[in-house]
Amino acid sequence: MADAREVDRPRKGAVHAVSATDAPLLAVDALSVHYGRAAKAAVDDVSFTISRGDRVGLVGESGSGKSTLASAILRILPPAATVKSGRIELDGENLLALKPAALRSIRSTRIARVPQDPLGSLNPVFTIGRQLSDVVSAHRKLSRRERTTLVEEALRQVGIGDAAVKRRSYPHELSGGMRQRVMIAMALLNHPDLLIADEPTTALDVTVQAQVIELLRERVENSAMTLLVISHDVGVISELCTKVMVMYGGRIVEQGSAADVLTRPTHPYTRSLLDAARGKVTTYSPEVVA
Amino acid sequence: MTNVTPRSDIVLDVQDAVKHYALRRRGLRAPRRSVHAVDGVSIRLHSGQTLGIVGESGCGKSTFGRLITGLETPTSGTIRVGAHGVPIAAAHGTGTVQAVFQDPASALDPRMTVRESIAEALGKVAGRERERRVDEALAAVGLTPEFGVRYPHELSGGQQQRVCIARAIVDRPDLILLDEAVSSLDASLQAQILHLLERLQQDTGTAYVFISHDLRAVRQVSHSVAVMYLGQVVEQAPAEAFDRGLLHPYAVALRSTEPRILDEGTEHVERIVLTGEPPSAVSPPAGCRFAPRCPIAEDHCRSVAPDLVEATSGHLVRCHKPGELTLSGVARADAEV
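Each protein sequence line maps, in turn, to chains X and A.
Using my numbering, read the first sequence as starting at 14 and increasing by one per residue.
Using my numbering, read the second sequence as starting at 238 and increasing by one per residue.
Among the clues, some could well be false.
[Unchecked claim] List time: in silico SDA-like cross-link candidates among lysine to any residue, alpha-carbon distance up to 25 Å:
| no. | chain 1 | residue 1 | chain 2 | residue 2 |
| --- | --- | --- | --- | --- |
| 1 | X | Lys179 | A | Pro529 |
| 2 | X | Lys179 | A | Arg263 |
| 3 | X | Lys179 | A | Pro521 |
| 4 | X | Lys112 | X | His204 |
| 5 | X | Lys179 | X | Gly133 |
[Stated by the list, open to error] Listed next, with one range per pair, are the computed distances between beta-carbon atoms:
| no. | chain 1 | residue 1 | chain 2 | residue 2 | range |
| --- | --- | --- | --- | --- | --- |
| 6 | A | Arg270 | X | Glu231 | 32 to 42 Å |
| 7 | A | Thr310 | X | Ser188 | 26 to 36 Å |
| 8 | A | Arg387 | X | Pro91 | 24 to 34 Å |
| 9 | X | Ala177 | A | Glu561 | 32 to 42 Å |
[To be verified] Chain A is faced by these chain X residues, among others (derived, beta-carbon under 8 Å):
| no. | residue |
| --- | --- |
| 10 | Ser75 |
| 11 | Ser188 |
| 12 | Thr220 |
| 13 | Gln222 |
| 14 | Ala223 |
| 15 | Ile226 |
| 16 | His245 |
| 17 | Gly248 |
| 18 | Val249 |
| 19 | Ser251 |
| 20 | Ser285 |
| 21 | Ala289 |
FYI, nobody ran anything at the bench for these hints, they're computed from the structure.
We treat Cβ as the ideally placed atom computed from N, Cα and C, and that holds for glycine.
Chain X extracted, bound-state conformation (with noise of 0.2 Å):
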């Protein structure tokens, strides 16, 4: 892999919009969250950039700070955070900056979010039909029946089928599969240049799990979209991932290709996190069934 591996690179004054083509679509510099009163920071002194086309994974154990993080550059941080410092532009724009209205309209068209809990994520009174056609129309002026065309088409693309008439069905009458590929329909709807998925398949099943990963590779392959993918399941990161930032105590303690943290890591951490995600038993390791 030709990019240089960093470990704790510094970087203070992100270069933004030097040209459309090699300015990073996300750039984060020195972002620093912290929750309440407490001193030590959730999310410390962060820097990282991400480019078009890239699909990044963050991986660290629970407390880390990888889902403040992603709520940072969303901007849904709880009350009780803070930024207390640092920037997040998107394509040179600092996002920390926006007013509520500018904001909802980078939201579902320019940056999407598949979370990890659908059920949570959807309303229980409306049909899922009706809860996509609300995010094309909170965008887009279309007619109903043009609406319900993308909706059918949106759901098609996710391997739903019978989209005419899963598109009438309520959450609570999918399983949990279901759910997750109507959330990722629901975030790909207003073809979204960055797709934050926070722990996409935690809740599923194995084998539904697998379909999942499947969808999630073949729609980002499909529409040259950029994907931050964050969770605590190294495999998860491995099969959608082409590079690694993994995050320990709020910091970026390594990141760089796929190739290189997964098989030669250098931070003490990373090779724990690894040892153990692959478990002690070495004859039950990929080598083996590859």
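With the hints as your guide, set chain A onto chain X.
Below, chain A without anything else, positioned relative to chain X:
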């Protein structure tokens, strides 16, 4: 119980256990329906051994766990536990079987200190003996005596789970049920707890039933593994056989779809992604229960239900076409052995 010499080292003997949950009828004339949670499971487990049970949600693995701990009464079948083969109904509450569940925070009483929680499992043991046993249990799970006076909310998730394990081992049970006991923990903590469980088993000879959806964790700790699908065991094999060749298409697919970490030399891993999701346990398919999702199912599979038969010594499989679906890699590893 009564002081008879142990008849064997079998600590769990389940014969044809069935658990159906009746559903509310849709109308007076509507047929009676029930969820077939566990449908004819027979399993034997020796002391000092770990049986891993793996399957997806709704496959009946947790119901099976509730049956062998006496939390549920089987619709039919017999379950005997302990060295004396006591029926579970009689053994319930005697401390022969203990359990550790997924969420330690909800398993511990928030108003009891760690010592009180652990001592509660000791029943009638009193006085200095009681204190000594609690100290032992704390030490066995790697907690210092200072933890004894703490309350659950003062502990981390991993420490809470250690307390639950201490409580399970303190009365020296013959069998411990571990139902998704490490699933909610971080990877590094999981490794620690699994290691702790292995060490405790070597010291005490307690048998474990380890239930999980995580094939990797199950494989790591188990001496034999049973794969469940829609209430039935579809494959049961010694752990070593699990590494070489699985015979049931569901087990093969389950193993191939597990997310794997990129490793040197494994750029392309063949995987069998199953379509759809498990059918309803209310009206299971007539033939093989896996047939609707099986990549190699034939008409015969859809009409005639296969039995659980011994394919090779100790390796049971419920399939008309065992071993026909393979991962090329597994087949290769097999050839090398």
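Going down the list of hints, with the structure as the test:
no., hint, in the structure
1, X:Lys179 with A:Pro529, "holds, 20 Å"
2, X:Lys179 with A:Arg263, "holds, 24 Å"
3, X:Lys179 with A:Pro521, "holds, 23 Å"
4, X:Lys112 with X:His204, "holds, 22 Å"
5, X:Lys179 with X:Gly133, "holds, 19 Å"
6, A:Arg270 with X:Glu231: 32 to 42 Å, "holds, 38 Å"
7, A:Thr310 with X:Ser188: 26 to 36 Å, "holds, 29 Å"
8, A:Arg387 with X:Pro91: 24 to 34 Å, "holds, 28 Å"
9, X:Ala177 with A:Glu561: 32 to 42 Å, "holds, 37 Å"
10, Ser75, "holds, 6 Å"
11, Ser188, "holds, 5 Å"
12, Thr220, "holds, 5 Å"
13, Gln222, "holds, 7 Å"
14, Ala223, "holds, 3 Å"
15, Ile226, "holds, 7 Å"
16, His245, "holds, 7 Å"
17, Gly248, "holds, 3 Å"
18, Val249, "holds, 5 Å"
19, Ser251, "holds, 4 Å"
20, Ser285, "holds, 6 Å"
21, Ala289, "holds, 4 Å"
Checked against the numbered hints listed earlier, the structure breaks none of them; every hint is satisfied.
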